[in-house]
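**Q** Okay, here's what each chain looks like letter by letter:
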Amino acid sequence: MTTSIRIGSGRNELLQKVEALSGQHLANCYQCGTCAAGCPFHQAMDLLPDALIQHLRLGLPGILERQTFWICAGCDTCSDRCPRGLDIARIMEALRQICLREGGDHPALTQLERADLGALPPIALVASMRRNSG
Amino acid sequence: MQIAYYPGCTIKVSAPEHEIAALAVMRVLGLDLHEMREWNCCGVVHSLATDNLIRHMAPVRVFARLQQQGEREVVTLCDMCFNTLARANQVARRQPEQMDAIKATSGDELNYDGSAEVLHLLQILRDRVGMAAIKARVRQPLHNLRVYPYYGCKLLRPTEVGLDDPEVPTVLGDLMAALGATVVEGNLQTRCCGAYHVVNRENLVAERVAATVAQARANGANAIVLSCPLCHFNLATRQSNPDHALPVLYYTQLMGLAFGLPPATLGLPDATALFEEALPTAHHAQAVPMCTKGER
Numbered sequence: 001m002t003t004s005i006r007i008g009s010g011r012n013e014l015l016q017k018v019e020a021l022s023g024q025h026l027a028n029c030y031q032c033g034t035c036a037a038g039c040p041f042h043q044a045m046d047l048l049p050d051a052l053i054q055h056l057r058l059g060l061p062g063i064l065e066r067q068t069f070w071i072c073a074g075c076d077t078c079s080d081r082c083p084r085g086l087d088i089a090r091i092m093e094a095l096r097q098i099c100l101r102e103g104g105d106h107p108a109l110t111q112l113e114r115a116d117l118g119a120l121p122p123i124a125l126v127a128s129m130r131r132n133s134g
Numbered sequence: 001m002q003i004a005y006y007p008g009c010t011i012k013v014s015a016p017e018h019e020i021a022a023l024a025v026m027r028v029l030g031l032d033l034h035e036m037r038e039w040n041c042c043g044v045v046h047s048l049a050t051d052n053l054i055r056h057m058a059p060v061r062v063f064a065r066l067q068q069q070g071e072r073e074v075v076t077l078c079d080m081c082f083n084t085l086a087r088a089n090q091v092a093r094r095q096p097e098q099m100d101a102i103k104a105t106s107g108d109e110l111n112y113d114g115s116a117e118v119l120h121l122l123q124i125l126r127d128r129v130g131m132a133a134i135k136a137r138v139r140q141p142l143h144n145l146r147v148y149p150y151y152g153c154k155l156l157r158p159t160e161v162g163l164d165d166p167e168v169p170t171v172l173g174d175l176m177a178a179l180g181a182t183v184v185e186g187n188l189q190t191r192c193c194g195a196y197h198v199v200n201r202e203n204l205v206a207e208r209v210a211a212t213v214a215q216a217r218a219n220g221a222n223a224i225v226l227s228c229p230l231c232h233f234n235l236a237t238r239q240s241n242p243d244h245a246l247p248v249l250y251y252t253q254l255m256g257l258a259f260g261l262p263p264a265t266l267g268l269p270d271a272t273a274l275f276e277e278a279l280p281t282a283h284h285a286q287a288v289p290m291c292t293k294g295e296r
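Chains as they are written, first to last, in UniProt numbering: chain A, 1 to 134; chain B, 1 to 296.
For the record, the hints were derived by calculation from the structure and aren't laboratory data. Any given hint could be a false lead.
[Stated by the list, open to error] For each label pair, taking beta carbons as the anchor points, the in silico distance ranges come out as:
| hint | chain 1 | residue 1 | chain 2 | residue 2 | range |
| --- | --- | --- | --- | --- | --- |
| 1 | B | Ser106 | A | His25 | 32 to 42 Å |
| 2 | B | Gly107 | A | Gly10 | 20 to 30 Å |
| 3 | A | Leu100 | B | Asn241 | 57 to 67 Å |
| 4 | A | Leu64 | B | Lys135 | 47 to 57 Å |
| 5 | A | Leu100 | B | Ser106 | 22 to 32 Å |
| 6 | B | Arg217 | A | Tyr30 | 19 to 29 Å |
| 7 | A | Gln43 | B | His244 | 18 to 28 Å |
| 8 | B | Asn40 | A | Gly10 | 18 to 28 Å |
| 9 | A | Tyr30 | B | Glu97 | 30 to 40 Å |
Note that this is a predicted model, so its numbers are computed, not measured. By construction, the Cβ of each residue, glycine as well, lies at the ideal position given by its N, Cα and C atoms.
When you get a sec, could you build the whole thing from the sequences and use the hints?
**A** Below is the structure:
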């Protein structure tokens, strides 16, 4: 498979949206991988956080189809450790919001059985709702 | 001494034992937590998008109510409430124009100037009561308890609102040592438990819980102590073998036991397997080292 990369030509609209929603300047990332190394869920991600940032910067296709930003639970380990001061959790939230605002909410708890709904603590349900609604 | 108390939804619905134990041990320490009026859900997770002001309304409403009730500070038990309230408070202080917008949206009802302080109960215990005073109240030292303090995320991160060193926290360990327990440590104490993924990505939570419990056991723990009701739910209910689960307790419950309060008043049934396994001879004081650091 061949992928064409055009740098510096045309507008990278997704990058612009992510930077606006997250308040983060992705050019600051120097690809050290500290975020990926400390992530408790990196094994479940289909693109590590540093690679996700690089894909965004280069305007590679298929970013919004990735699972990485849904897997992120917002534990802030990467944001706390980033030597460049990037709040990576905000970048993940921006990608979630772009998907949700363009594709509609998909609250996971609508698929739960009534018994599960009753057993789960409210903080789990509300957090899940908030992460899955725009 | 009195201080306003914000419970949050989960303490009332899913973790009443934490509240019962907290109120009991704070009474012993001479501190009365009085529940603030008209509190609402804090929103649970801090909104990370720059344009989502509506999601800051819930925590700001809590602060506005607090000020209307003449209170300057509020204490909470829940780590997620603590984190969400503290981060909303930062927004109020750094971006007053956002508070103006919320005030206008609410028809001037929600007026908040960012001057309130939100505290976690662990801060009150460490910074105001002090570990020495807590140790002085111990009547039944937990000498045979080898406990693994689990911090999770929201007590510690982001650093600007966290209440302890995010990489090497000590508050729960220091508290357990003051109660006479042996503290068992490991590098997964500060790793996320999977949080709300328990709703629909249970495998992520199961993997984190399995690794954490395995480390606690390998380092010699016979119980896990923690603070967050969501971590508690995940660690207590998602262990792979429920019949041989490592007991998971709130620090308030262990404080109550060490203070000599009856287990039933701490939300701990007095003859459960959990109690037998975690504290087989906790009430028989023996000379053992105060704190042994496990291999990290």
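**Q** Between the beta carbons of Asn40(B) and Gly10(A), is the distance compatible with 18 to 28 Å?
**A** Violated, since Asn40(B) and Gly10(A) (Cβ atoms, about 47 Å apart) do not stay within the stated range.
**Q** Starting from the hint 47 to 57 Å, judge whether the C-beta atoms of Leu64(A) and Lys135(B) obey it.
**A** Given about 54 Å between the Cβ atoms, the range holds.
**Q** Is 57 to 67 Å respected by the C-beta to C-beta distance linking Leu100(A) and Asn241(B)?
**A** Given range 57 to 67 Å: violated, Cβ gap about 37 Å.
**Q** Has the hinted range 20 to 30 Å been met by the Cβ atoms of Gly107(B) and Gly10(A)?
**A** Roughly 46 Å apart at Cβ, these two residues miss the hinted range, so it is violated.
**Q** Assuming the hint says 30 to 40 Å, is it satisfied by the Cβ distance from Tyr30(A) to Glu97(B) or not?
**A** Given a distance of about 33 Å, which is inside 30 to 40 Å, the answer is holds.
**Q** Using the C-beta atoms of Leu100(A) and Ser106(B), is the stated range 22 to 32 Å upheld?
**A** 25 Å, holds
**Q** Are Gln43(A) and His244(B) spaced within 18 to 28 Å by their CB atoms?
**A** 26 Å, holds
**Q** For the range 32 to 42 Å, tell me whether the beta carbons of Ser106(B) and His25(A) fit it or not.
**A** Given about 33 Å between the Cβ atoms, the range holds.
**Q** Lying within 19 to 29 Å: is that true of the beta-carbon distance Arg217(B) to Tyr30(A)?
**A** Between Arg217(B) and Tyr30(A), where Cβ atoms are some 39 Å apart, the hint is violated.
The structure does not agree with the numbered hints 2, 3, 6, 8 stated previously, though it agrees with the rest.
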